[in-house]
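Residues per chain are reported as follows:
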Amino acid sequence: MLGLTGVASAQSEADVSFFRDQVKPILQEHCFECHGASDGKGGYKIKSGLQLISRKGLLKGGAHGAVINEESPEKSLLLEVISYNNEDLQMPPKNKLSDQEIALITDWVKRGAPWTPEDADVLHEVHDPHAEMTTVNDKTKAHWSYKPMQRPAVPEVAGFAHPIDKFLEVKRQALGLKANPPASRGELLRRATFDLTGLAPSLAEVQAFENDTSADAWEKRIDRLLALPQYGEKWGRHWLDLVRYAESQGFERDTPKSFVWRYRDYVIDAFNKDKPYDQFLTEQLAGDEIPDPTAESLIATGYHRLMQWDDEPADRLQHFHDVIDDNVRITTETMLGMTVGCARCHDHKGDPIPQKDYFQFASFFRNISPMGNGDTNLRMIDTAQSHSPEQLQAMQQEMQQVRERIQQAEQAYTALPEQKDFAVEKENVALITDSRVKPWKWHYTTKKPADDWFTVGFRAEMHGWQEGLSAFGTDIPNGKAVTSWRTPDIWLETSFLLEKIPSSLRMDLHHDEDVTIYCNGQLVYQKEKYRVDYASMEVSPAFLAALQTGRNVISVHVHQTGGGQFFDLGLVTKGRSIRHEMLAEQNPQLTPEQRQAFRQDIARLAELEKLLEKRVEQALVVAENGKESPPTFIHMRGSAHAEGAQVQPGFPLIFGGEMAKTEPHDAANSTGRRLALAEWITRDDNPRTARVMVNRLWQHHFGKGICATPNDFGFLGSAPTHPQLLDWLATEFVSKNWSMKAMHKLIMTSAAYQMSNRRSEVPLAQDPANETYWRFMPRRMTSEELRDNILLATGELNLQQGGPSIFVPIPEEVLATSSTKGGKWGESPPDQVNRRSVYGVSKRSLQVPLLTDHDQADLDNPCPVRFATIVPTQALGMINSDFIHEKARVLATRLKREAGDDPTAQVKLAYQLMVQRTADEHEVSRAVEFLALMRDEHKISADDALQRLCVAVFSFNEFIFID
Amino acid sequence: MIIKPSQNFCGQIRRREFIHQLGGGFTSLALTGLLGQSGFFSQAQAAELSANPLAPRIPQLPAKAKSVIFLFMYGGPSHMDTFDYKPKLYPLDGKTIPIKTFGRGGKKNEGRVVGPKWKFKQYGQCGKYVSDLFPHTAQCVDDIAFVHSMTADSPIHGSAMLMMNSGSILGGKPSLGSWLNYGLGSVNENLPGYVVMLDKTGGPISGAKNWSSGYMPASYQGVVFRSQGDPILNLADKNGMSRVQQRSLLDYLGDANHRHLQGREDHTDLSSRIASYELAFRMQATAPEAIDIDKEPEHIKKLYGMDEERTEDFGRKCLLARRLVERGVRFIQIYSGGAHNDDNWDAHGDLEKNHNFHAGNTDKAIAGLLKDLKQRGLLDETLVVWGGEFGRQPTAEYAAGTGRDHNSYGFTMWMAGGGIKGGVSYGETDELGSQAVVNRCQVKHLHATILHQMGIDPNNLSYFYNGLDQKLVGVEEIDPISDIMA
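Each protein sequence line maps, in turn, to chains A and B.
According to the working numbering, the first sequence is numbered sequentially starting from 1.
According to the working numbering, the second sequence is numbered sequentially starting from 1.
Same shape as in the complex, but just chain A:
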C-alpha cells in the first residue's frame, strides 16, 4: 500500500514507456482538447473541472470525482466512461474509442496509471475571480443580506415626519435634490386604488376624496381599500407570479391540475384576512404538519404541486428530482431571495452556496409523494373545520341577512312594471343537462353501496364514489356513452340548485335496463325494462313535491341483466327565472351597481351555504410517503444517476449551517421536515425572510424594490439603494406581527408614496433613474388590470370571488395552434367570462393572447418582476381584436343608455368611466369632432361612430398608465 502513494518510485520504467508510447498519444488525441488544452484565447479548456494532462489531474478529478480509483483500478471512472456503458456519461463524447484503444487504457489503469515523470504533476492554475464570494468567509458573511438584521435608528431629518421619508431624505439631501410636491388627489386615489385592488376608482370616489377635508381622509381611503376583497385578488396575483401558479402539468398531454384553484383562493383569502406572513409561509410549506391543521392550511400545501411535470419523462429518476429542484428553487427564491439552482450541479459560482447546501435543502422535500395525473394527490377536506364556533355563528347571521337582501331585491324587481323592450327569453332552464345537451357530472359507483345510499345526507363523494360525465354505459343506437359502464349495476348521485320550486318539470330519460330514481331521499320514479331512445316526460306530482329550494340531490340505481348498458338523465324547468333576468346585462331595469350588488349577494350566499353545510371538498395537497424519508445524496453534476455523499436536512452554511431538528409527524404520516424548514424560515431573526417580503411590498408600490432584484439578494443581485430603510422596514414588519396590511399602510402614508410623478429639471438631470425617490414613477397596467378595467368600464365586470377557474375566450386562430382540437379550451357562461383575470384558467400550452401580449407572468418560471414591454403586437390587439371591438360596442351601448344621444354627454361619460375625471372643453370638442367625422366622412352610423370612439379610448395612455 505504501508503494501506491509514492507514485514515482512505484512505477517501473517499462510502465512509463508503455504509457509514453502507447497510452499518452491516445489521451492527447482524444482527451486533452477538452480537459487541459489551451483554448486559444489565453486560457484553458477544462470541462467539468477535469484536467487529464497529468497524473495529478487524474487523481484530483473533476465534477464527478477522481477518475482513477487507486484501490480498485477496474472500478475507475475513466474506464466506465470510455466503455460507453453509462448512458449519461460517455467519453469522448463524439466517438467511442476503438476496442484496441480501450484495451490499452484499461491495461494502463490496471498498472496503476503510471505517468511520464516530467509532467506527472502539471496542473493549470485556474483563476477564479469570484472565489472570495463563493465560500463562507468574513467577507461573504458581511454582505448586506447575509448579515443579521439590525434595526437602524430613524435618521434625524427636518421637514419630514414619516420615518420612511426621513430615510429617503438623507440620500436626497446628500445630492441636493428636492422631493416632488404631492400628486393631485385624483391621481393619488387612482394610484392607490390600482395598487391595492388592480381596479380603477369610480369618479364619485375620486370626487368624494377631493372634497374630503378631514385630516384622516387619506388614511380612511387606505383602510377602505385594504378591506375590499379585490385587495386579495390583486396582491394574491403577485404571489401567484412568484410561485409560477398554473393549472396544468405541461408537456405532451398538459393535463389539468385538478382543484388547484383552491390554492389560488387560499392565497387571495390569506391576503384579504391579513394572515400573518410567517403563518402564510408555514401553511404553504407544512400546513399538514402544524399542530392543528385546518382546511386552509391543508389547501395551502398545494404550493408543492404547482410545477411543470412530465408524465412521460425520458428519465423518470432524473425527472423526479427535477420536480424537487423546482420546489427548492421556488422556495429559496420566493421566501429567501436566494438563487440556489446553480448549486444543483456544482458549488454556486457567484454566492457562498456549496452543492451540499443545495442537497441538504432538497432533502426537506425528498419524501413528498410523487406528482401524478388525475386524482393523484387529491384529498378530501372538510372546509368548515377552519372556522371557530363564533365565526360559524356570525356566518349564520350573515347568511340570514344576505337571504333577506336577495328576497327584497327580487320583490322590488317583480313589483316593477314589466317593460316591453327588454326580454330575457323565458327559456328552458336546465337543472341537469342530459348528455345530448352537455354531459353532466355525476358521482357513481359500480360496487354495491351502503343501504342508506339514497337517503338525505348521504354524500357520494365521501364514500369514494367516482366522478364521471353522463351518459353512462356503452354506445347504443340512440345514445353515446361518455363514461364507460359495463357491470350489471350502477348507482349514481348528482345535485342541482333551485331558487324557487318550479310549477312543472320535464325529465329526459334514457335507461337500459331497470331504473329507480330518488329525489332528496324520496322515491320519485321507477321503471323496468329498457328504452331505445330518450323519453321526454312531465315529472310526477310526487317528484315536484320532493323538490326543495337550495341543493337538491338526485340518486339513481340502474340494473341490467344482459345486452348493452345505458343511463342518461336531464331535468328542465320551463318558465321565468327572476334571477336570470336580473343578472342579464342588457336588462335596463337595474343599474349596473344594483346588479353588481345583487350578484355579489348571490355569490356570497352560495359560498356561505357551502361552508355551513360542512361541505367536504377535494383539493390538491402535499403528502409524504411515511415518517421515514429515503436518503438524500448529492448528485454529481446534478445527475440523479451519479450519487455522491449522503446528506441530512440542514440550513445553508452561510446562515450558520445548523442541521434541522425534525420530529416525525403521526397525523400527517410525514417526516416533519417541512415543518422544521418552515420554522427556520419564519424565525423572527431569519436574515432574509422579512427583508425579502418588505422589499416586494415596496416594489409593488413604487415600481421597483429597494433591492431591484427581488428574488436575488446575493452577490449577483443588485445592491439595495437604501439598505437602512430596508432593514428598518423588515424589523418593523416582524414587530407588527408580520402584518402585510400594516406595512401597506405604513408605506402609503409616507410622503414618498404620495408624490407627484412630474418632471423637475434639476433632479431629472442628476438622478434620471429616480434612485433617490425624488418623484413617483408611473407604471403601465398589468395584463390582468388591462382586461379587468376594460370590463369595469363597460359595466360587465363580475366581481364574484373564488371557485373553479373560468375560460377567458381565445380566438379561433389561436386555438388552432394547439395539437388538440380546440385546445380542449372550455366555454364559460357569459357572466362568468367577465370575472377578473386572476380567476381565468391558466394552462401551460395555451394562453390568452391579450394577456400574454401584455407580459403576463410566465407559467414555468418564478416571475418576481413583470416585464412592461411596448411592441406593435399589443397595438394590433388593441385596435383590431374581437375582444376590443366587442367591448367597445358594449361601452358604446352603455354611454348611449346612460348619457343619451348627445355626443357631448357621451364623451364626458366616457372620460369619467375610463380615466375618472371630467373631460375638458378641448377634449370634448376633439372627440365630438371625431364622431362627426366618422359619421359624415366615413358614412357610418352614430352607433358605429361611438363604438370607434370607444376603441380609441381603450388605448388612451392616460387609461393604461397609472400616474
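The hints are simulated quantities; they were obtained by calculation from the structure and are not laboratory data.
Note that the structure is a prediction, hence the values are computed from the model and not measured.
We put the CB at the ideal spot given by N, CA and C, even for glycine.
Mixed in with the good hints, there may be bad ones.
[Claimed, not checked] Only part of the chain B face toward chain A is listed, based on derived beta-carbon distances under 10 Å:
(1) V196
(2) L198
(3) N234
(4) S248
(5) L249
(6) R264
(7) D269
(8) Y277
(9) R440
Based on the hints, put chain B in the right spot on chain A.
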C-alpha cells in the same frame, strides 16, 4: 459589439443584466442605465434595446447567414428511410436481432428489423444516397450538409420537442428563434422577426411552448403566421373598419395621447407606446404585401409544387418563407405535420403510408425552396435546416406491421446554405442506424452551428436569469460543427 468575452463557467458575473428582474414597472430610461452597465450590450444598444427590444444589432462575428428557415418535420422522420442509407438493414427485414433501443415503448434489448421500405439512389456530384421518398430534394444534395450523428436527450415527443426548439427537455426556456432575435434584433420592424407556420392539422404538442420566449420578454416569442387569409392575429381591420377610418381613429388617439404626454415627456414609455400604434398601422400594410403570393410568376409557384394539390400547402409556406427572408425576417419555422399520430411523421403503425404521405407533401416544396433561394443568390445568406425532434428505430414497434418507434440515440438532420458546405455528410450511425457512433452530435451542437452561422458566438450569447448566465447551448462551452462549414 454585442458581447464581451466570457469565461467558461456559468456563474460569470455580469451584475446588472437583470432584464428579467427590472423589466416591469419603471421606465425604459432606468433600464437603459442598467443594461448599459452590463457589458453585454453597449450603452447605445442598451438604450435602443430597452426602448425597442427588437432594434437591429450588428452580429459580433462575421455572419454567413442573415436568416434561418427551419423545416421542422414534427413527429420524427425515419433517418434510415430517408437520407441515412443502411444497405445492411434490407436483408435483415423480419429478423429478430439483439439491439438496444429506447422509445415510447421503453428500453428494449431486441427487436424485429423493419427493412427500409424505399430504394436509395445516388445523386449529385457528391454521389449522396437518398431514398425514393425525396426524389426532388435529392437533386440538391450538392448544396446540403447531412449530419447523420444527431442525438437528443429524450425519445418522447413532449420533452424532445422542447429540446429541439429550446435546448432543454423542460419547459420555460426561450426557443432558438427567441435567442436569435434577442441577439440580433429585427431588421424589418414592420414584420415580426420570428415567424412560425403550422401544419393544417394543428400545432405540435405543447403548442406555444415550442415558440415561447420563456423567461425573456414576450417580444421575443414566435409569431404564428398563417399562409392564407389574415397572416397574423389581429392584423386585419375589424368590424368593417376601413383603413382610412382607422387612420382617422389613430389620428384622434394620437392627439389624445400627445396631449397627455405634455409635462410627461421624460417618461419615454408613453411616446414609445404612441409610436407603436403607428408601427402597427404600417405592419398592417406590410404584412399582407409580404404574403401576397399571387404576385409570384407561375413558374415559381410551380417550382414549389403549388400547382399540385398535395404540395400546394407546404409549397405556399416555403415560398412565403422566401418572401419573408427577402424582407429581413430572422427566423422562420415551418412545421410539416401537426396534432397527433399520423397527422405528423410519427409512424408507429404503417411506416410506408405515413412517410409516403408526409414526404410526398413536402419534397417538391423543399427542393423548390432550395433552388429558388439559390437562383436568387439568397441561399448564401439563408440557412435552411431540415429535421425532426428525433429519428426512428431500425426495428418494429409492434409484433406486426412496419411502424417504427422513436429514436433519440441517432438520427439525421441536414442544413443547406448560409455558409454551410454542400455535398458533405458528417457523422455516422451504426450499420443499422440504431445509434450515432461517429462524430456524435447533440442538439446543442446543432444550435451552436446555427447561431455561429448567424454571426453569434454561441458561448457568448447569454441572458442573466435565476443567478445564472443562461445560454441556449448550456453552460459548458460548446463547439459548432465546423466540419460542415464552408
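| query | For this structure, which hints from the list above don't hold up? | reply | Those not satisfied: there are none.
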